[in-house]
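For reference, the chains in residue letters:
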Amino acid sequence: CNKDLDQIPSYSANAEVVYKTAASAEQVLARLYATFAVSGQTGPAGSPDISGIDEGFSNYLRQYWQLQEITTDEAILGWNDGNLIYVNTLQWNADNEFVRATYDRIFYEIGLCNEFIRQTTDARLSERGVTDSDAKLIRQYRAEARLLRALSYWHAIDLFGGGPFTDENSALGVNPPYYTRQQLFTYVENELKNLDKGKVLLNPRQVYGRADRAMRWTLQSKLYLNAKVYTNTDRSADAVVYADSVINAGYTLTPTYANLFLADNNTTGANEIIFPITFDGLRTKTYGGMTYLVHAAVGRAVSASSAGINGGWAGLRAKPQLTSIINNTSATDSRKDMVFTRGQNPNVDTIGVFSSGPLITKYRNVTSGGKPGSDTVGDFPDTDFPMFRLADVLLIKAEGLLRKASPDKTTALALINQVRARATGNLSSHTNDLPALTGDGLDDVFNERTRELFWEGQRRTDLIRFGKFTSNYNWPFKGGVKAGADVPATRALFPLPTTDLVANPNLAGHQNPGY
Amino acid sequence: QSTGSVSGRVTDSKNEGIPGATVLIEGTSLGSSSSVDGTYSIQNVPAGPHTVVISFVGYNAVRRPVTVVAGQNAEVSTGLTENTTQLAEAVVVGYGSQRRQDLTGAVEQISEKQFVKGQVTNPEQLVQGKVAGVQITTGGGAPGSNSQILIRGGSSLSASNSPLIIIDGVPVDNTSLAGVSNPLSLINPNDIESITVLKDASSTAIYGVRASNGVILVTTKKGLQGDAMHVNVSSQNSVASAYKYVPVLSADDYRAVVNQYGSASQKATLGKASTDWQKEIFRPAFSSDNNVSVSGSAGAIPYRVSGGYLSQQGILKRNDLKRFSGALNLSPVLLDGKLRVNLNVKGTWIDNNFSDQSAVGNAVSFDPTQPITVDATGAPTAIYNGAAGNPFGLTNAQISRYGGYTEFSQLNDDKTISLNTLSPRNPIGLINQSRNRSTVKRSIGNLQLDYKLPFIDGLSANLNMGYDIQRGRGTTFVPAEAASNFNRQGVNNIYAQDLNNTILEAYGKYEHTVGPGRLELLAGYSYQRFENRNYVFADYRANGTELNPVSLSYSNQDTYLNTNVLVSYYTRLNYNIQDKYLFTGTFRADGTSRFSPNHFGYFPSGAFAWRIKGEEFLKNSTAISDLKLRVGYGKTGQQDLGGNYYPFLANLTLSNLSASYQLGYNADGTPRYIRTLRADQYNANITWETTTTYNVGLDYGFFGGRFYGSVDLYNRKTEDLLNFVNISAGSGLSNGGTYNVGSLTNKGVEVIANVDAVKGDRFNLTVNANATFNQNRLTKLTGADAPGDLGQPTGGISGGVGNNIQINTVGYASNTFYVNQQVYGTDGKPLQGIYVDRSGDGTIDSKDRYRYKSSRPTVILGGGANMTYQKLSLAFTLRANLGNYVYNNVRSNSFYDISTNGFVPNRNREFLDSRFNAAQYFSDYFVENGSFLRMENLTLGYNFGEIIRKGSNVSVSLAAQNLFLITNYKGLDPEVIGGIDNTIYPRPRTFTVGINVGI
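First to last, the sequence lines map onto chains P and V. What the first sequence shows, in this note's numbering, is residues 63 to 577, in sequence order. What the second sequence shows, in this note's numbering, is residues 76 to 1074, in sequence order.
You may find that some hints are simply not true.
Claimed, not checked - Derived DEER-like restraints, expressed as beta-carbon distance ranges:
1. V:Y336 - P:S436: 54 to 64 Å
2. V:D902 - P:G405: 53 to 63 Å
3. P:G405 - V:V911: 46 to 56 Å
4. V:F399 - P:S436: 41 to 51 Å
5. P:V269 - V:N471: 30 to 40 Å
6. V:Y656 - P:N76: 22 to 32 Å
7. V:V911 - P:A363: 21 to 31 Å
8. P:N231 - V:V911: 44 to 54 Å
9. V:A348 - P:A363: 20 to 30 Å
10. V:I909 - P:A363: 33 to 43 Å
11. V:L497 - P:S436: 38 to 48 Å
No wet-lab data here; the hints were simulated from the structure. Only a predicted model underlies this, so the values are computations on that prediction, with no experimental measurement involved. Where a beta carbon is used, it is the ideal one built from N, C-alpha and C, also for glycine.
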């Protein structure tokens, strides 16, 4: 009866079976995308991917968004959740659970991608006897997995600088070596150059929501735009090259700005959105992601029904610095409509009180036709998160043109005005145009990025690139001071979490300065 | 000559002579021992009055006055009664039983006479406070509520800390079953004869596999060979009621507080009523526990048949439990005494009506100025956008849309109403608008055959085949209008789970005299299989329409079957030299399906006992009636990872439909949702957790056995802890996993003392007490030495998301509180947000937290007394925990929150002291000393005796439970599993009238 000690469940799958067909390999690939959206396999909560922190709270998109936004002039979040307040005040330390959750989600995704890439080498495929058409599809999936891994590594470079490095050649259970920010940058740069060898990735706009060639170009342009911050070498010209590739791929700006953030943005915004994180009220449920972005911003006079949900969480508000930039445009600019001030204190006098600060009504679970989303209960939105979209790329190109060795201010101004024209609700009208750039034009790009991309999870990166994150620019409670105060320049990077310094001896001595 | 002699005969209850009894003339050195026929004679006794003391091991000593006349013989003959609570008592141990005097390990047996009386509906309550080293904490006062049983502090961290429970040879399953909170509630305590607790490794190691947290052996009642038929009928009828409530603001205090601190919109939410929600949700609860048993011997077949019916109300309205139970035992001895057969079948059926227990917490936080239902004038007393009354001209349908219950809503700009999803829910609505029922069935049975083999003297074979089958089925119904599930239009769901466990055991035993002593050798094999089948169902609205479809498994099944198999080989050797030197050695090899391919773990133990009393120099002492020193060592294992059945397996988990991801579109233009496959974290090297126990014990008895007990010292070290630890980022398929990392120790002392204070014809008084000192320490938590490691945060609290108040750190007890040190003003009140800057860096943050106390008691005391005066008896049981700290989560949530919109939750009266206006969750101000003394039970009984006929018995009793609770703790009850008090279902005070008729 000792044989009976070998028990395996009949209801689950193992790698030998799963990677035999493209159909089931696609299910594993879907999971690599889903990491950004959901927090586990049960939906909305249960069977969590990571542990040690509330599942929904630690969702990838939710935490990434939070580190990028509530640390800045754009948003504040006043809940009594552990050390959340120190994320708002730029006073986090290496024990901060939200910093840790972001780090853990990033490296979770990298580990999951590694496993997929490891299991889908040509050698493994032929071992399992995978046929030609299936093998071809799986090769495409493998390139997508590499691209998603590069996306997460970019997040790691941006938020943490250097960090542990693993790829498909790393063994499970072995502590990874430490890579510097420069090393990770070089790795990601090469990956992005090489992963589409043989043109295996999908063409731009071919399938909605996939990590396709345009997604790769966008990621490359973002990597190069910030290269000066990451590696102290300006690569703006490269950023322009890849932005151009995207712009030439046939994307168009969605006529109505607001539709990009509504329940049916997967159709109304499909021509502009290059890479979304998709959500669905019935099929992709989470307490992070868009559920968080829609619910947390609703409360007081912003009614739940206007957001297409059953109740707000009364958490997220804006800071007055953001609303003053948004409002500093022409009267016809529709982006101003997303600032809601009725009954709110326009200033942020208290972190923990929801009435303190303007509200933002950008993300909503209603369709462009005004109908609520598919979840009749009103919990989970259909709205997709537009992670990369054309307007962003236009502004990247504009900024690259202004930053590169021989600036091209004329084209940059035209690109900025292309984005501004859409905000009036009429792409051909140019009533909202900037007449000319001021000085080197960088302030104009900065302000336009603010107006166009506020609350889209880009702010911290932008502020750092424009030299406004740790000093030169302050907002309420920055540095723990109500009026706002400069913080040490080392706050531009988050600390490696203590938990990982403890778990991985290879990180010893590599904690970011200032922690 | 001034001496005479004393002689006589010492007999037992059957009037047969007892050889070897000690007879002493008190106060002299004169004495004798009885001969083969029980007679004795003592010469040269000085004339005059004397007291003769006659004693024998296993019997109650007898003292008789005698007057010796010079030159004459005085006769003192006496019968000795067996002292069944003492040395000769058969104590149930692993795979057999032993005389108490032969035990080498730390074993404590509590039998029926010593059980806690009164309204005892779960077996573990029978011994609560009775056994040293055993901490039993009930989850609350709900019928059938779960209990936490910790023996010697618990030796695991992530793995189960529950002891192994074996009922009549069938190890019962710890797995929780859908529809029942406590699997033990399926055992009728009225069928139990004795409960034995094996505490040290030398006694538990024979069960190696699951023995690290101790073993509890439950033996049920049996018929007696040759006995006439007895019928026993008992009925216990009780009333229970809440006697203490969480101290919250009264309606008037609440009004004053909101008016003083609230925003304009909050003030507008105030209602005009005064509702004490906690009084509204509770009721006096009646229960009736009725049992019948018939036992005796039908020819050569002893039998016992019993049936029970328990109908127990909870003090929470609509909460009740009905239990039907039956048991059959046949224990014939066949083939000239060579074959002993023991057949047990037990069956239980429980109908649970859970009510909605979230009402308990909502009753604490719901606004006391609101009425239960919308008031008679038709005006909505619930709050619409901060305006009370009906200024918006709402329709009656809108007003009473939650079934008439007051609930917080808000009026939208478009004049529609939406429920306030953040506010508490109406507690009465929760109770009345839910029907949460389950039916749970369980049967445990086994057939045990013990055959004395012919030809070889002393050799016997034992076969045990048993099963434990459970079925849990339940339904949840919430009407569409109920606020608790309003947005999803109610609930109409079912759930189901099956547990099928089987056991096959065979062992051989050989007893023989070898050299100077008696050898007993036992070797056996055990096979156990645990099958846990979960059914999945779609999720339905109240009207039966499907809200969420069912997610079938990867193999397209609607069930998920998990299996755990244990295969074991074990052996034990006992060697007894002249009842003085006792050796025990055991060895068990255990294989589990949870670890693969390294299934097996090996668990040895050894013990030695020296019965000092048996030595010549003590043999005749009456002052020292028993003295035995025990020394034991052993290793035990743990593999129970709860729901984690295949931790070694590289597997992929299929997502539910609701965790799918869209990859493009189908040909027809609909989104293409893919159920994803996740590569799961696994640990191919996972293996046994091992606990090494050292135990030194001393059994003592003084004054002819009138003062007896034991003292045990133990040191338990658990290594290779099955521990959920962080793993380095990128190296695995999650950020943490279960690894054999870390170690912890439990060190402690257990003292048991029993005193037969008064022994007389009419009045008897016995007092018993036990004390346990346990110190739990984590000695290692990570694989490598890791300076700067904070430890693992644990102990989630209510308030905020993901806030942990405890931490596991090396050098501290597990679950130590990790808090900021509060600073107090000159008036002694805590200063909001002001903490000691322990890190000295000028800011107050998480780095300033410190480790402060633990929820584990340092001392556990239990004790009681039994008094009888003729036919009247009085007994009580007291329990105390000392040094256990509790995080009062109800108090820490009692700050005034200006930002709640459209409602204000009620607050603990704490607010009137601290007046905090922001959460101070991490303040040590809320960590309170939870030491307590509880009057567990007080029973007054009267035994009418043989009033029906000879051999019959009629008795009545009056019992009170939870008569008082002495504590400085500011909450409802400091006895909270885990030490975080977030309101528990109150433990009621219960009065029980019982009658027992035996004929």
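Do the hints match the structure? See the list:
1. Separated by about 42 Å at the C-beta atoms, Y336 of chain V and S436 of chain P break the suggested range of 54 to 64 Å.
2. Checked against the hint of 53 to 63 Å, the pair D902 of chain V and G405 of chain P fails, with Cβ atoms roughly 37 Å apart.
3. For the hinted restraint 46 to 56 Å between G405 of chain P and V911 of chain V, the CB-CB distance of approximately 39 Å leaves it violated.
4. For F399 of chain V and S436 of chain P, the Cβ-Cβ distance of about 47 Å falls inside the hinted range of 41 to 51 Å, so the restraint holds.
5. For V269 of chain P and N471 of chain V, the Cβ-Cβ distance of about 53 Å falls outside the hinted range of 30 to 40 Å, so the restraint is violated.
6. In this structure the supplied range 22 to 32 Å is violated for Y656 of chain V paired with N76 of chain P, their Cβ-Cβ distance being about 56 Å.
7. One distance hint, 21 to 31 Å for the beta-carbon pair V911 of chain V and A363 of chain P, is violated here, with the actual separation near 41 Å.
8. Distance hint for N231 of chain P and V911 of chain V: a CB-CB separation of about 50 Å, consistent with the stated range 44 to 54 Å.
9. For the pair A348 of chain V and A363 of chain P, the supplied restraint of 20 to 30 Å holds, since their beta-carbon distance comes to about 28 Å.
10. Here the CB-CB span from I909 of chain V to A363 of chain P is close to 35 Å, well matched to the stated 33 to 43 Å.
11. Remark: the range hint 38 to 48 Å for L497 of chain V to S436 of chain P is contradicted by a beta-carbon distance near 24 Å.
Figure legend: structure checked against the earlier numbered hints; hints not met, in rising order: 1, 2, 3, 5, 6, 7, 11.
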